[in-house]
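Residue numbers (numbering that gives the first Met the number 0), protein chains in the order written: chain A, 0 to 451; chain B, 0 to 385.
Only true hints are included.
Derived BS3-like pairs: lysine-lysine, alpha-carbon spacing no greater than 30 Å straight-line:
#1 A/Lys160 / A/Lys332
#2 B/Lys368 / A/Lys48
#3 B/Lys372 / B/Lys224
#4 A/Lys127 / B/Lys372
#5 A/Lys317 / A/Lys332
#6 A/Lys124 / A/Lys203
#7 A/Lys132 / B/Lys368
#8 A/Lys57 / B/Lys132
#9 B/Lys368 / A/Lys57
#10 A/Lys135 / A/Lys217
#11 B/Lys132 / A/Lys132
Note that these hints are calculated values from the structure, not bench results.
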Amino acid sequence: MNYPIWVVPYLGGPWVIGIISIIHIFISHFAVGGGAFLAAAEILAYKRKNENLYDYLKTHSRFFLIVTTVSGAMTGVGIWFSISLVSPDGTASLIQIFTLAWALEYLFFVAELATAFAYYYTWDKISKEAHLKLAKLYFVFSVFTLVIINGIITFMLTPGKWTESHNWLDGFLNPTYWPGLIIRMLIMGAIAGMYALVTSSRIKDPHFRTYMVRFCAKWLLPIFILGPIVSYFYLKQIPQAAVDTIFTGIQTSGVGNFSVLARALYLSLILSGTIVLFAFFGPYLNPRGFTFRIAILFLICGLSVTGTTEWMRELLRKPFVVYNYMYSNGIRKAEIQEITDTGFLNKGRWAGALAKTPECKGDAGELMYRYQCMSCHTLDGYRSMKRMIGDRDKDAVVGFLKMLKEKEADKNPYHGIMPPLAASDEELDKLATYLASLKGESKDATKIGKLP
Amino acid sequence: MDPSSIVPLYQPIPFPAPVWLLETLLILGFFLHALPMNVVLGGGFLSAALIFAGKENREGYLFRTGKALATALPLFISFAVTQGIVPLLFVQLLYGPAFYTSSILMAVPWLSVLLIIIVSYYLSYVVIYRYFKSEKALTASGAVQTAALLLVMSLGFALVGFLFSNNMTLMLTPAKWLSMYSQNPNGLHLNLSEGTLIPRYLHFFVASFATAGITLGLFGLYIAKRNAEFSNYMIKLGSRIYLAFTLLQVPVGFWYLKSLPPEFMHKFMGGDTIAFAIFGAAMLFTLVAVVTSALASQSGNSKAYILSLISNAVIILLMIINRHQLRVWHMNSFNLNPNNVPVSTQWDLLITFVLSAVALIVYLVWLCKLVAKAYAPKDGEALPNT
Numbered sequence: 000m001n002y003p004i005w006v007v008p009y010l011g012g013p014w015v016i017g018i019i020s021i022i023h024i025f026i027s028h029f030a031v032g033g034g035a036f037l038a039a040a041e042i043l044a045y046k047r048k049n050e051n052l053y054d055y056l057k058t059h060s061r062f063f064l065i066v067t068t069v070s071g072a073m074t075g076v077g078i079w080f081s082i083s084l085v086s087p088d089g090t091a092s093l094i095q096i097f098t099l100a101w102a103l104e105y106l107f108f109v110a111e112l113a114t115a116f117a118y119y120y121t122w123d124k125i126s127k128e129a130h131l132k133l134a135k136l137y138f139v140f141s142v143f144t145l146v147i148i149n150g151i152i153t154f155m156l157t158p159g160k161w162t163e164s165h166n167w168l169d170g171f172l173n174p175t176y177w178p179g180l181i182i183r184m185l186i187m188g189a190i191a192g193m194y195a196l197v198t199s200s201r202i203k204d205p206h207f208r209t210y211m212v213r214f215c216a217k218w219l220l221p222i223f224i225l226g227p228i229v230s231y232f233y234l235k236q237i238p239q240a241a242v243d244t245i246f247t248g249i250q251t252s253g254v255g256n257f258s259v260l261a262r263a264l265y266l267s268l269i270l271s272g273t274i275v276l277f278a279f280f281g282p283y284l285n286p287r288g289f290t291f292r293i294a295i296l297f298l299i300c301g302l303s304v305t306g307t308t309e310w311m312r313e314l315l316r317k318p319f320v321v322y323n324y325m326y327s328n329g330i331r332k333a334e335i336q337e338i339t340d341t342g343f344l345n346k347g348r349w350a351g352a353l354a355k356t357p358e359c360k361g362d363a364g365e366l367m368y369r370y371q372c373m374s375c376h377t378l379d380g381y382r383s384m385k386r387m388i389g390d391r392d393k394d395a396v397v398g399f400l401k402m403l404k405e406k407e408a409d410k411n412p413y414h415g416i417m418p419p420l421a422a423s424d425e426e427l428d429k430l431a432t433y434l435a436s437l438k439g440e441s442k443d444a445t446k447i448g449k450l451p
Numbered sequence: 000m001d002p003s004s005i006v007p008l009y010q011p012i013p014f015p016a017p018v019w020l021l022e023t024l025l026i027l028g029f030f031l032h033a034l035p036m037n038v039v040l041g042g043g044f045l046s047a048a049l050i051f052a053g054k055e056n057r058e059g060y061l062f063r064t065g066k067a068l069a070t071a072l073p074l075f076i077s078f079a080v081t082q083g084i085v086p087l088l089f090v091q092l093l094y095g096p097a098f099y100t101s102s103i104l105m106a107v108p109w110l111s112v113l114l115i116i117i118v119s120y121y122l123s124y125v126v127i128y129r130y131f132k133s134e135k136a137l138t139a140s141g142a143v144q145t146a147a148l149l150l151v152m153s154l155g156f157a158l159v160g161f162l163f164s165n166n167m168t169l170m171l172t173p174a175k176w177l178s179m180y181s182q183n184p185n186g187l188h189l190n191l192s193e194g195t196l197i198p199r200y201l202h203f204f205v206a207s208f209a210t211a212g213i214t215l216g217l218f219g220l221y222i223a224k225r226n227a228e229f230s231n232y233m234i235k236l237g238s239r240i241y242l243a244f245t246l247l248q249v250p251v252g253f254w255y256l257k258s259l260p261p262e263f264m265h266k267f268m269g270g271d272t273i274a275f276a277i278f279g280a281a282m283l284f285t286l287v288a289v290v291t292s293a294l295a296s297q298s299g300n301s302k303a304y305i306l307s308l309i310s311n312a313v314i315i316l317l318m319i320i321n322r323h324q325l326r327v328w329h330m331n332s333f334n335l336n337p338n339n340v341p342v343s344t345q346w347d348l349l350i351t352f353v354l355s356a357v358a359l360i361v362y363l364v365w366l367c368k369l370v371a372k373a374y375a376p377k378d379g380e381a382l383p384n385t
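Let the sequences and hints guide you as you build the complete structure.
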């Protein structure tokens, strides 16, 4: 409400973040897991004096360097760009709390990148021992970047004691910090294995290819054995309301009414199961028949699992950006009561200024929609508002909005799923008028009501 | 309408360190970003021109200089991107209310920055692995293709710089924001109506050629023991390019100064003692840089060259401080002042950060020594990876 709202037709702002994030996570996890892979494989090559393996590593490390330093780094910046466009209040809060943690992470980035370049450019130019040391150093630095960013990511779902103390360390070492860190490290190993399967499948010598494919397949297995155990500890730490959302979804699945969250969970489990079975029966047991195309299939499956799992994690946090502190529409929990009493449009800088423009005078309904609903809904596309309104008339919409305004779970079934409506009675009425006007409207997503 | 009424509020969370320290980190961070960024922007165009000009004689110095520069670009790009994190972080912290708003108004072009950088960055690698490391680079037509790719890459980077200039100027002018958003809320704006945009952008653009030029001399210094003649050639050529673009910068710089709001221009001209002193010092160093680079461009004298190299770095730092002052004046004109935000210093994290920064510097020195030793001159060897 402090900022203008970026209107993204059909897709909605959150998916802009989502698309960039999924790509980034898949590559950045490769950057860290791949570091472990390179170090482990180089230790193996060193111990066995295996020149074939050294040659392979030289090729693989070029692929590694280019993918991680270009797309990995840029999509990382991309997440940052996109969250500040879609959720400026949330981003500003995170930055004000964790500026120095981010600054610290930057130092590790520099060390990581410099080491990656030094590692790649010194193949055959320094002693094997010195080179192996660089591989290990790269791995250590990349893990440190994860150690730091993991504190900020997990903080958003479980800010823990920070909500009372406002001490950065309470927020950083929050309840899901450790399980989150371990899960990510396991995933990283698996992703590193998948990428390495791609380069291994291109090895010409059949004996060595078989050997490498089997070696890579082993990297995919730990997550599927340890993952469920760590996930249990992770789920134990997340807020009860979020857990309830999953289980309500699962319990109602039988009648075909399962929630989006449950669907994401199923999809993630099915895809993970597919990967582990195929990894075990494919490259692990039958490395000889493994081909480049199969390796690409693994990558696609891996990307899909990453996507659905991260999406699920984001859904768990709904309706908050920072759990119990700020809702996804940028309104702080502590502000809700004041807004209900004095009105939303009197509170935020931009919302207030826009309400006074000639285009908007007397019709603040659409403005209310943008500020209160559009952080999760679009008009015609993702979570379409028109579809949800359906044939409801204004009275029905007013009834629904009044329910959304309730702050108690027993009066508001959407409590814990959607932010409470923060509006005065007059504003609620205007919003209802606007929403009801969407009823049966022709599909024209780019033009939104009277506001330009 | 009073523009300050539309500037968003800071979050009700204290800053983690005193504002003067955060501002210092912002300036220092931008300085460390500006150095490699300038080499990338100017260096891309220069390497394209050198390779094209030397296409017929690919053993000649012209071609080899262009090749050496193009080969080094991915490293510079990587550092420009990484060093960009620091100023981005601190500008969001200190001036977020203005920066987030202007970014939202130009969201689509702003996000496209990422895509353009990815494409240009990959192109820099394509040039190395498709051309320099294969037989293709040995033909004249291969050289033309290389130059064309480098040109496309550079145009990408130039566009990125232009989009940044748009955002950095838009964040200073809240009076425009509401009408822009009322026209279109999809984040499709640029700040083309801004009078300072073009001179400001050109001021940076021209500087990048000068900085890339002076960096060529650094390549020359690096191979001084291996190939004295080529080294001398690169120092002379680099200094010449530097001199030409620095002289061109004088009228561009004055155009930019003239385009500023009069009250701010007068501050630089003596109205504000500190700003005037810094501006004056920058002019003085420019004079030093012009004289020393003129000397180096004639004789290839390495001492004169090093003086101009250092002067250039100092000029960039001073100009960045001036740029920061200009931003602060703008911000104050619409009452956005980070000094009004309470501070609660996170000592534990601050000390960890400072110690880690020192450790990083030590580590980077060790790493550089290791790599330098790996590439220690051997008889008859060309530049690394060329």
